[in-house]
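Given the coordinates of chain E, assemble chain W onto it according to the supplied hints.
Just so you know, the protein sequences line up as chains E and W, in that order. Quick note on UniProt numbering: the first sequence kicks off at 1 and runs consecutively. Quick note on UniProt numbering: the second sequence kicks off at 1 and runs consecutively.
Do not rely on the hints blindly, as some may be mistaken.
Since the list gives no way to pick out one identical chain from another, each pair is judged satisfied if it fits inside one copy or across any two copies.
[What the hints assert, rightly or not] Derived SDA-like pairs: lysine to any residue, alpha-carbon spacing no greater than 20 Å straight-line:
#1 173 - 259
#2 145 - 287
#3 173 - 273
#4 173 - 64
#5 145 - 181
#6 145 - 129
#7 145 - 204
#8 173 - 140
#9 367 - 187
#10 145 - 271
#11 367 - 55
#12 367 - 299
#13 145 - 69
#14 173 - 238
Just so you know, the hints here were simulated from the structure itself, not pulled from any lab data. None of the values given here were measured: they were computed from a predicted structure.
2 protein chains.
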Amino acid sequence: MPPFDLPEGDPFGPHNLPYGVYSRTGSGERTVGVRLGDHVLDASAAARAIGSPHAPLLSRPTLNPLLAAGRTTWSEVRRTLMEAVTDPAHRAALEPLLHPLAEVTLHLPFEVADYVDFYSSEHHARNAGAIFRPGGGDALLPNWKHLPIGYHGRAGTVVVSGTDVVRPSGQRKAPADPVPVFGPSVRLDIEAEVGFVVGVPSRQGSPVALADFREHVFGLCLLNDWSARDIQSWEYVPLGPFLAKSFATSVSAWITPLEALEEARVAPPERTDPLLPYLDDTASEPAGYDLRISVALNGHVVSEPPFSTMYWTAAQQLAHLTVNGASLRTGDLYGSGTVSGPADHQRGSLLELTWNGRDPLELPDGKRTFLEDGDIVTLSAWAPGPDGLRVGLGEVSGRIVTG
Amino acid sequence: MPPFDLPEGDPFGPHNLPYGVYSRTGSGERTVGVRLGDHVLDASAAARAIGSPHAPLLSRPTLNPLLAAGRTTWSEVRRTLMEAVTDPAHRAALEPLLHPLAEVTLHLPFEVADYVDFYSSEHHARNAGAIFRPGGGDALLPNWKHLPIGYHGRAGTVVVSGTDVVRPSGQRKAPADPVPVFGPSVRLDIEAEVGFVVGVPSRQGSPVALADFREHVFGLCLLNDWSARDIQSWEYVPLGPFLAKSFATSVSAWITPLEALEEARVAPPERTDPLLPYLDDTASEPAGYDLRISVALNGHVVSEPPFSTMYWTAAQQLAHLTVNGASLRTGDLYGSGTVSGPADHQRGSLLELTWNGRDPLELPDGKRTFLEDGDIVTLSAWAPGPDGLRVGLGEVSGRIVTG
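Bound-form chain E, shown alone (with noise of 0.2 Å):
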């Protein structure tokens, strides 16, 4: 009998508790929360009241520094809290700290240092590849299989699920356009991801090793890194990506511990080109990990695409972005990339599931190429668990307004 009420497999229970950041409405204070159910538990005031010394940790404003504490002190936290939560002797002590979420605002859960992005799908690097490059051969470049391709994004647009995000404008120029115009973008596009946030810092000059993740890497959540496919198309060449992407990502509110999804690593997909000794891991433990997601435009699930058919793993990916000596920071977030999986409802991003707009999605609430103002996609996404348990992830949610 799961404690507090909860459902009866309810994906957000006791084995789950992912961490965020909230107020209560009315109050302005924000501190620590898990979420359990639909409430959040007070953190800090549950640790204290079951007399854990890590109370101080949890009674902030934002994650980071119990990100920064590192992987001993996340297991104990964790230990903790789910002590709190299952130990029927806690439960007359914790009740009141817990909130629901209906009574709660919550927060952008971490302060993000840099924010990288990811480009790690094999599949959505193919299929946009033969929309870019139609005919010219194959579809992925002749880096692709060598190394995870990435680029900074920008970290002070980051924002927490359920934030509004303004219709960026900027320039765009088809082909046969004398000269750029200017305007709201008119190929407004979602990039289903899943972020990685770093807890551990690195010293610069040193690389962080594959085998290493673990001790550096937080925790998950889901991403939508908005994309203006029009202004991305003009600007991008010789220096990749900028405005296109840089007026916001949005990510969900709740951060899942690596040490709550043991049971949905898995087997990345075979390795079909040699890799280089720091990249290498066919001889490690499996770093992928089966998140099932879902992409939702306006309440109708639009894409699920399989977190598993990732090409490039989170290990690989910061083994990679760290190789050059790049420092770590506690709060850096980097993104996969889009998911895409092999089948056509699998896809990740509008771009793809329209073919560039040449299929526009019928959706009960008419037909769509790219997204109108008003629509609200939300990404949710769910793992294996123990006990055939479900871990839930947080959703992501965004509506677009206009300027």
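Same frame as chain E, now just chain W:
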């Protein structure tokens, strides 16, 4: 007669007063200082000594609170400090607050929020185009004259002048190589740039107009965007440079306030292509800066790039960066892009100076194509100031070391 026995015409006289953060040798405490000749003045103690209300803003381990305070306060603080160092009545009180530069440690003067790098020298872009796309028609890509091309870099690896730079390792692949090889970069380069420091933030969804540049940008510094050309050429398609740049970016320890550079403002080069309204500065006050940069390799000047030749101004870069609604934060840093003038000895990178290694530089200690271990690169600069004085910019220097 300059105060405090400064030599006549010192480029770091009372007309300049760049800001930095220092600690006295043997003490760990960081505080804001202004440079006066070869000394640093304790800025908060000086403000206190003359009864200024702004002392608390300067009694911090970083410039960020001053940056956030806005243009009116920037002017007041500057006026206060100019008065302090020029009025003989204050001399006795201030002399104990001056410390020789040799007896202090200079720190990264502000917490970098996001770091963006532009590509705004037409001469540099044409040289790079001619080197990488020989015989490929116009060396400038079609978008170049329509928008200031830029991309995000890694904020967490921005380091202060004097910090050693570890030669990065990474993948490279010559066209003839069947597969990429891994190892220390063999084509390590510099990029001589000017960095602009944002003080006043902006709201997500609200672009910053061209005319509001000086409401948001506090000052500038010299910046060396170290670049591993071999890593770059293999990784950069299709999402731009990543590890080739993210290992280190060096900035000078002194931030020169824009107010010290009023006499250095010049009109940018003639705009050869019509600009969209948000970038059109043809009717604006001059937004270029006449900074005379010098690049020294192991003490030998190898280039003198003139910043006045930059096609895109810092005001245009800021307007472009935010036109999609991307917000600014206090501490945002953006680089001008490599500064290269029209003449051979005005090129801001070894890539251009040696024409991709074809024409080695002849230095007293041997030939150079790209950087060798132990090499020290120093950028320095000055600008025209009031009354025929020069405004010195703080140098940015770094030495290449093995990992």
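Hints and how they fare:
With identical chains, the CA atoms of residue 173 and residue 259 are never at most 20 Å apart, being 47 Å at best within one copy and 38 Å at best between copies. Only within a single protomer do residue 145 and residue 287 lie at most 20 Å apart by alpha-carbon distance; the minimum there is 17 Å, versus 45 Å between protomers. With identical chains, the CA atoms of residue 173 and residue 273 are at most 20 Å apart between copies only, with a shortest distance of 15 Å across copies and 37 Å within one. Taking identical chains as interchangeable, the C-alpha atoms of residue 173 and residue 64 are never at most 20 Å apart, the minima being 42 Å within one chain and 39 Å between chains.
Taking the closest pair of Cα atoms, residue 145 and residue 181 come within 20 Å of each other only across two copies (14 Å); inside a single copy the shortest separation is 36 Å, beyond that limit. For the identical chains of this complex, residue 145 and residue 129 are intra-copy neighbours only, at 14 Å inside a copy versus 27 Å across copies, given an alpha-carbon limit of 20 Å. Taking the closest pair of Cα atoms, residue 145 and residue 204 never come within 20 Å of each other, the shortest separation being 27 Å inside a single copy and 37 Å across copies. Only between protomers do residue 173 and residue 140 lie at most 20 Å apart by alpha-carbon distance; the minimum there is 17 Å, versus 25 Å within a single protomer.
Taking the shortest Cα distances, residue 367 and residue 187 sit within 20 Å of each other inside one copy (14 Å), while across copies they are farther apart (51 Å). For a Cα distance limit of 20 Å, the shortest separation of residue 145 from residue 271 inside one copy, 8 Å, qualifies, whereas the shortest one across copies, 42 Å, does not. Taking the shortest alpha-carbon separations for residue 367 and residue 55, neither the intra-copy value of 51 Å nor the inter-copy value of 61 Å comes in at or below 20 Å. Taking CA atoms no more than 20 Å apart as the test, residue 367 paired with residue 299 passes inside one copy only; the shortest distance there is 14 Å, against 65 Å between copies.
For the identical chains of this complex, residue 145 and residue 69 are neighbours neither inside a copy (35 Å) nor across copies (48 Å), given an alpha-carbon limit of 20 Å. In the homo-oligomer, the alpha carbons of residue 173 and residue 238 lie at most 20 Å apart both inside one protomer (16 Å) and across protomers (19 Å), since each shortest distance falls under that limit.
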